[in-house]
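Novice: For reference, the chains in residue letters:
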Amino acid sequence: MTTKAVGVWPFVRLKLRLTANGLRGRPTRIVLFVLGVLLAGFFAIVGYASFAVPGVIDDPHVAGMLLPLGGTAVILGWLFFPLIFFGVDESLDPARFALLPLPRRTLITGLFAAALTGLPALATLAATAGMVDSAARLGGPVAATAQAAGVLLGLFLCVAVSRAVTSAFATALRSRRSRDLAAITLALLAAAIGPLQLAALAGAQRADWDTVGSVARVVAWTPVGAPYSIGLDVAEGRTWQIPLKLLIALATIVALLWWWSTTVESAMVGATAGPRRKTTADTTRPPVDLLLFRRAPRTRFGALVSREIRYWWRETRRRASLVTFSMAALFLPVSLTLGAGSPGSMTIFVGALASLALANQFGFDGTAYATNITTGVPGRVEINSRATAHAIFTIPLLIAVAAVIGALSANPARIPSTFGLLIAAYGVGLGLVLPLSVRAAYALPESTNPFAMSSGGGPAKGLLAMGVLIAAVIISLPLQLIALFIGPIWLWIGLPVGIAYGAAGYLIGSGVAADQLDKRMPELLATITPNRS
Amino acid sequence: MSLHGLVKHFDTKLAVAGVSLEVPAGSFYGLLGPNGAGKTTTLSMAVGLLRPDQGHAFLLGYDVWADPATAKARLGVLPDGVRLFDRLTGPELLAYHGLLRGMDAATVNQRARELLEVLELGSGNRTLVVDYSAGMKKKIGLACALLHAPRLLVLDEPFEAVDPVSAALIRDILQRFVAGGGTVVFSSHVMEVVERLCDHVAIMSSGVLRMHGTLAQVKGDRSLEEVFVQVVGGRVATGSELAWL
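Chains S and E, in that order, give the protein sequences. So for the first sequence, numbering that gives the first Met the number 0 puts the first residue at 0; every next one is plus one. So for the second sequence, numbering that gives the first Met the number 0 puts the first residue at 0; every next one is plus one.
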């Protein structure tokens, strides 16, 4: 038998074929795909227009700042977005190639080419092509050619960095030992983005353009800025810099691909043989005591609440969402104070955000939810127990947030009424989120990679959760306005009024959710069952 | 268990096309069929996990879709391809099932320990179920289905991925369950197991019930495998194809 060397085209064709098959006969996915195309097109046009500005206004000084810094922002986007928000497209899962006789080099270049085949890469290429436009206007065809090469290298760098980092994180999360550490690092990263943004804005307001210019000159020598600045170097006659910068970019790409290939290999091996180790000694306590917490009632409700509490802590995805929210909730008031705002201005937002963790609560369970159907758990008990378990984690946290806000505004007397606002928004949020969790649940992939997103309607339903967040803030807004208008009396009545407001929201919403659940248990199970391929 | 004209479509595909089946109380009933025949879909509709497009399912005389609480009370289910709450340990999982079934804590403790010992899972084992082997997962699933002493057991592929020793143990437990007056319905595509255990058999393919009755009625004087292949319409390799093997 003879084999031919495998190039990159089979991988690219496979990727295109998988994308096409994923769309066939599924109108909702086609709609989502079209939305994705529109979004990518928007990004491409806005990006192109912005990067072409320095050329149009014929200002090499602006170009010297915008090109390296803008390019850096694009690369950082490729680094962070998949990690925190979108996940990576795992349609070509390396583990599926484990049994094929492919050399590592072939596999990596193939997967890399497939990763380049996609809307995000296309949009990035189109957006950064604006830099070529600028380079052409500033330095003629030679500069444009150089910048085009730089833009291509930059795109390769974007894709390589996102693949290498997500793959490394996924590998870390697969092993029990480093998993917790990786999850917490991620949560910290996610939580740091908001404050960082505010800090950058505050910095931008104060900084003068000379500082920005010198930052840009330094960045142009780092791997993230180098590929985007070579066209300008041609235009300004610094040709000696070009080979050096090309070398920097190329070496970084090769190093990233090499890093990726090592983690891909361990992912492929890990897919076929996982370590199994008994870590804890046997116990003699009776099973019921093992499940239930000490003061939980020994009933159906107690069992459900205890199971949920254990799940919030034992399941990586849930724990990551808890840790992320805790960080965001505690740091938001701090960063608002730093940004010269009032630490309490985001209070109802934080309260409503807390409830959002339950937006896809049944999706977290997946098919395991079948247990609760076959044992006939009524909808009301199911909904109340889940909300109780979440509140057991959330309410102490909200008290801490209220305390932080009180401390930052140097007014401890406002702690109870702030907590009242938080709990009102949390209750209203739950009231909206619980029916949503029944009606708009979606399947999460049963993957060991927490960044693997479900392809399909999942992200769109995630957007619904955003809508709910806004609605919860609006519904809680009257309370905040009352607090502003009645002034000092609010300090006294804030807590009871807030609790009553939140309780009312919760009772209405949870009642609706329970009714829905009683009618739709099998349908809910079907929507949270991942498609088996 | 009694099924009347169950129908289920998935998108445009007809998965189950009108299945009616009477399972006599106290019988050991095997549901046979090739992959994709609609066994899991049928059993899911029978136990209330999947809403049928048409038809009715009765468990011990109660309509599953009209009166789910009563119908499910004396039913034990082991679904296939469905996860358990696997971030719990074995004992925790059993306690969870017991309390959800409304049993009192003392009974749950006593029965859970006994089941864990008999199934060789260890009553003090603190490994999470997610780290169990495939065979152990089947066994803990079976323990969960048995905990509340049901009168009807519906098991989807209980012998899949189970090693011979565990399989013998499961067979033994199921036989004792039937001898004690319980009813077992299970699906499988392993002929030997069905032939050895069951007194009633039904053969499904392409969403339709092809044959059903007592084991003797169905197989006549042939082997069950011969009947199965003939009914399902499988082909036997002739020898001309795959010559390069």
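A hint or two may mislead.
[What the hints assert, rightly or not] Covered stretches of chain E, as calculated for chain S (at least 3 residues, CB under 8 Å):
#1 46-52
#2 96-104
#3 134-142
#4 170-180
#5 218-232
[Stated by the list, open to error] Label-pair restraints from in silico Cβ distances:
#6 S:P477 - E:K12: 27 to 37 Å
#7 E:W243 - S:L151: 52 to 62 Å
#8 S:A19 - E:T11: 33 to 43 Å
#9 E:E159 - S:A525: 36 to 46 Å
#10 E:E225 - S:T261: 46 to 56 Å
#11 E:T11 - S:P477: 25 to 35 Å
#12 S:A125 - E:D162: 35 to 45 Å
#13 S:V33 - E:R170: 35 to 45 Å
#14 E:W243 - S:A97: 48 to 58 Å
#15 E:T11 - S:A4: 39 to 49 Å
If you're looking for bench data, these hints aren't it; they were derived computationally from the structure. Just so you know, these numbers come straight off a predicted model, no measurement behind them. C-beta atoms are modelled at their ideal positions from N, C-alpha and C, and glycine is treated no differently.
Novice: Would you mind marking each hint as holding or not holding in the structure?
Specialist: Each hint, compared with the structure:
| no. | hint | in the structure |
| --- | --- | --- |
| 1 | 46-52 | holds (count 5) |
| 2 | 96-104 | holds (count 8) |
| 3 | 134-142 | violated (count 0) |
| 4 | 170-180 | violated (count 0) |
| 5 | 218-232 | violated (count 0) |
| 6 | S:P477 - E:K12: 27 to 37 Å | 51 Å, violated |
| 7 | E:W243 - S:L151: 52 to 62 Å | 46 Å, violated |
| 8 | S:A19 - E:T11: 33 to 43 Å | 19 Å, violated |
| 9 | E:E159 - S:A525: 36 to 46 Å | 22 Å, violated |
| 10 | E:E225 - S:T261: 46 to 56 Å | 54 Å, holds |
| 11 | E:T11 - S:P477: 25 to 35 Å | 49 Å, violated |
| 12 | S:A125 - E:D162: 35 to 45 Å | 57 Å, violated |
| 13 | S:V33 - E:R170: 35 to 45 Å | 55 Å, violated |
| 14 | E:W243 - S:A97: 48 to 58 Å | 26 Å, violated |
| 15 | E:T11 - S:A4: 39 to 49 Å | 42 Å, holds |
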